Every structure is written in C-alpha cells, then in structure tokens.
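This is what each chain is made of:
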Amino acid sequence: MILKAPVCNLDRQLLLGAGAVIGERHIRLFQSWGVLEVAVRDAECAPAASAGPVDPGAAELADREVCQVLVHQAIDSPLMVEVRRLLVGRKLRPRNLLEAA
Amino acid sequence: MKASSPDMIADIDTLGSFPAVYQQLDEALNDPNSSIGRFSEIIEYDVDLTARLLRLANSSFYGFPGNIETVGQAITLIGLQQMQDLVTARCAIDFFKGISSGFVDMESFWRHSIACGTVARVLAVYRREANPERLFVAGLLHDIGRLVIYLKASDAVPEIFCRYRAGGKLLVDCEQAVLGTNHAEVGAALIRHWRLSPALAEAVRCHHRPHDAAGHLVDAATVHVADVLALALETGSSGQKLPPPLQPAAWNRLGLAPLLVEPILNDVDAQMEDVLALFL
Numbered sequence: 000m001i002l003k004a005p006v007c008n009l010d011r012q013l014l015l016g017a018g019a020v021i022g023e024r025h026i027r028l029f030q031s032w033g034v035l036e037v038a039v040r041d042a043e044c045a046p047a048a049s050a051g052p053v054d055p056g057a058a059e060l061a062d063r064e065v066c067q068v069l070v071h072q073a074i075d076s077p078l079m080v081e082v083r084r085l086l087v088g089r090k091l092r093p094r095n096l097l098e099a100a
Numbered sequence: 000m001k002a003s004s005p006d007m008i009a010d011i012d013t014l015g016s017f018p019a020v021y022q023q024l025d026e027a028l029n030d031p032n033s034s035i036g037r038f039s040e041i042i043e044y045d046v047d048l049t050a051r052l053l054r055l056a057n058s059s060f061y062g063f064p065g066n067i068e069t070v071g072q073a074i075t076l077i078g079l080q081q082m083q084d085l086v087t088a089r090c091a092i093d094f095f096k097g098i099s100s101g102f103v104d105m106e107s108f109w110r111h112s113i114a115c116g117t118v119a120r121v122l123a124v125y126r127r128e129a130n131p132e133r134l135f136v137a138g139l140l141h142d143i144g145r146l147v148i149y150l151k152a153s154d155a156v157p158e159i160f161c162r163y164r165a166g167g168k169l170l171v172d173c174e175q176a177v178l179g180t181n182h183a184e185v186g187a188a189l190i191r192h193w194r195l196s197p198a199l200a201e202a203v204r205c206h207h208r209p210h211d212a213a214g215h216l217v218d219a220a221t222v223h224v225a226d227v228l229a230l231a232l233e234t235g236s237s238g239q240k241l242p243p244p245l246q247p248a249a250w251n252r253l254g255l256a257p258l259l260v261e262p263i264l265n266d267v268d269a270q271m272e273d274v275l276a277l278f279l
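Protein chains in written order, with numbering that gives the first Met the number 0: chain A, 0 to 100; chain B, 0 to 279.
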C-alpha cells in the first residue's frame, strides 16, 4: 500500500510522508504510536510486487557487505537497524532486476 | 611538521578570490532598495549561472518542471536567500574547478559532497526548516577543508593516508594526529575567510562533533547525520570510505522517526540526478 497523505502525530510532527510504501510492520508501528487510520492510494496505483523471492545466499552476501560499510555504527540501534534493512534492499534490487531481464 | 588552519587559509589566497557575483548578490541583499530586477541583472550577467538557475527552478527540487522561463520567475519561486545559497554552492565548486590534488578523485569528492548536501536538504524538509537550501550548502561544503589540506599540506598527506590505511582509525583523526588540525577546522576557517555565514562555518566545523556547535546545534547535527547516510549510500568519497560513527544525540536532535529514513532516501534518489547534473 502507498500512503496517500502524510501521517503526523498530535503535535503535527511528520511521521511518514505521502508516497511511502507501507506494510504490516508500518501498521503495527502506527498502532503503537496511536495512529488509528491512514489514507492510502487505490490498489491499482500500487507498484508491481517485488521481483519474487530473494535468493537467501544473495541476501546474506548483501547483508555482510552492508555490515562492513556500517562497521563504525551501533548496528543494533533502531536507526541503524532501519538503515541496514534499506541498504540490503538496495543491494538486492539491481541484482533482482538483472535476473528478471 | 604541523600546519595550522590559519596558515593553510592564508596560503589559499594564492588560489584566487570568491567569485564577484557572490559579493554583488550579497551587497544587493543588504540594500533595502534592491528589486527582483536588480538581482536578475546580476545573475543574467553570468550566462552559466543563469542557465543553471533556470534548470534548478525547473528541476525536481521545486516541482514546477518546464514552467519557469525567466530569472525573475526563478528568483520569485526559489526565494532570495535560497538563491544566494545556491549561488554560494555553485561558486564554491567553481573555486576548486580544474584543480587536481592527486590524493582524491575529484568527481568522487563532489559526488559525496552533493549526496551529503542533498540528504541534509531532505532532512531539513522533513524537519520543516524554513530554508532547507542552507543545509544543502552546509552538506555540500562539509569536507571542503580536505581539498585545502590536499593542496596546501600535500607533503603531509601521504603520512595521513598511511595511518588511515593501516586501519582502525577515521581519516579525520589521522589528519589531527599528523597536522594538529583537521578538515572540519580547516573548512570552517576557509568559509570564514570567504565571509560566508557563521552558521555555515559552525555546521562545517562541527560535523564530526555536532554537540560542540556554538548555537547551531541542529545544523551541525543535520550535516553529521547526512554525512553518515551519504557515505552509507556509497555515492562517492572525500577520502574517508566508511561512514564515521553516528552520534545518537545528533539523530535525536533532529526529532525524526527511524521509519522516515526510507522516504527520506527515496526523496534523495529522486533529486540526486537533477542535482548532479546541475553542479557537476
């Protein structure tokens, strides 16, 4: 699902911008933050599903590479957990596209 | 032999002065009688700057693609202060254009600098800062002291890199050990020498120690976080290959949720191509 409008808390602080792709994890976080409902775009506007299951070996290699890049970071902090997840996803993305081609 | 920041800055005079267009814009900004027409005249005198300003106004930065046709419209859209910030960025890159240090791939240097500036700008947008362009400039110039070191302390640079490549240390700490100063201090001194804003100098001086910033803590924290994220994205390097340790207090100072990193990096991706085309 894609957010149609930004999600803000009661102090009007932005939690997540419009256009962000959200999943079950986001919904759980929204609930923990007291956000009861969000606006999402119509289903037909959603991007194509990801390019299928990821090769566990490739995911492990990507994770190792990312951990080397983040060697100076507190890898267990909530911020770095998120950064690590995103960087691994970025490393897998082009490889998946190449395999799909 | 140790070279202090002021020594290196005094020596940089030999590279030339900051472009006149910046000084003219600064004077016009401080003149209450200046009009948009006056600013347009100054910009239009510089053909390259005019073209870049129009490209910028029509880029994904501002979301009015193809609709801005004159410098006056561009200034109205972007705002005077923001326009001066962008001119500052352009002038700084031009200042070092054509200079080869031999110690760093200049394209890689500017790619990292532009990535840091773009991340800093997007962080500022998510924080709803009034003028996100000033954070773009701060991010763009955060490592500019390294160019001064590579050019003006070239005898000491092999020793700096020898210590860095031995592993376990950050490049900034190796600079400090060899030179008795570091690129953040040198960069801030250069910015003061150019008579740019004290906030900009402080953000650059404290981008590795954001808690030390005198009065500009959020700006320093923004550049610190942007530097870490830009290096994590592996979009270039000024010499330091891996992101330095992110200070949790700096991230907390921005007041952003970790979940926002994904849309922030998506926005950076969307803007980077336009920004690279504008400045490189």
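Derived from the structure by calculation, the hints contain no laboratory data.
Keep in mind that a hint or two might mislead.
Stated by the list, open to error - Cross-link-like lysine-lysine pairs, in silico, DSS-like; alpha carbons within 30 angstroms at most:
hint : chain 1 : residue 1 : chain 2 : residue 2
1    : B       : 151       : A       : 90
2    : B       : 240       : A       : 90
3    : B       : 96        : B       : 151
4    : A       : 90        : A       : 3
Since the model is a prediction, treat every value here as computed from it, not as a measurement.
Right, here's what the structure says about each hint:
1. B:151 to A:90: violated, 38 angstroms
2. B:240 to A:90: holds, 17 angstroms
3. B:96 to B:151: holds, 16 angstroms
4. A:90 to A:3: Given that 30 angstroms is the threshold and the Cα spacing comes to 27 angstroms, the pair holds.
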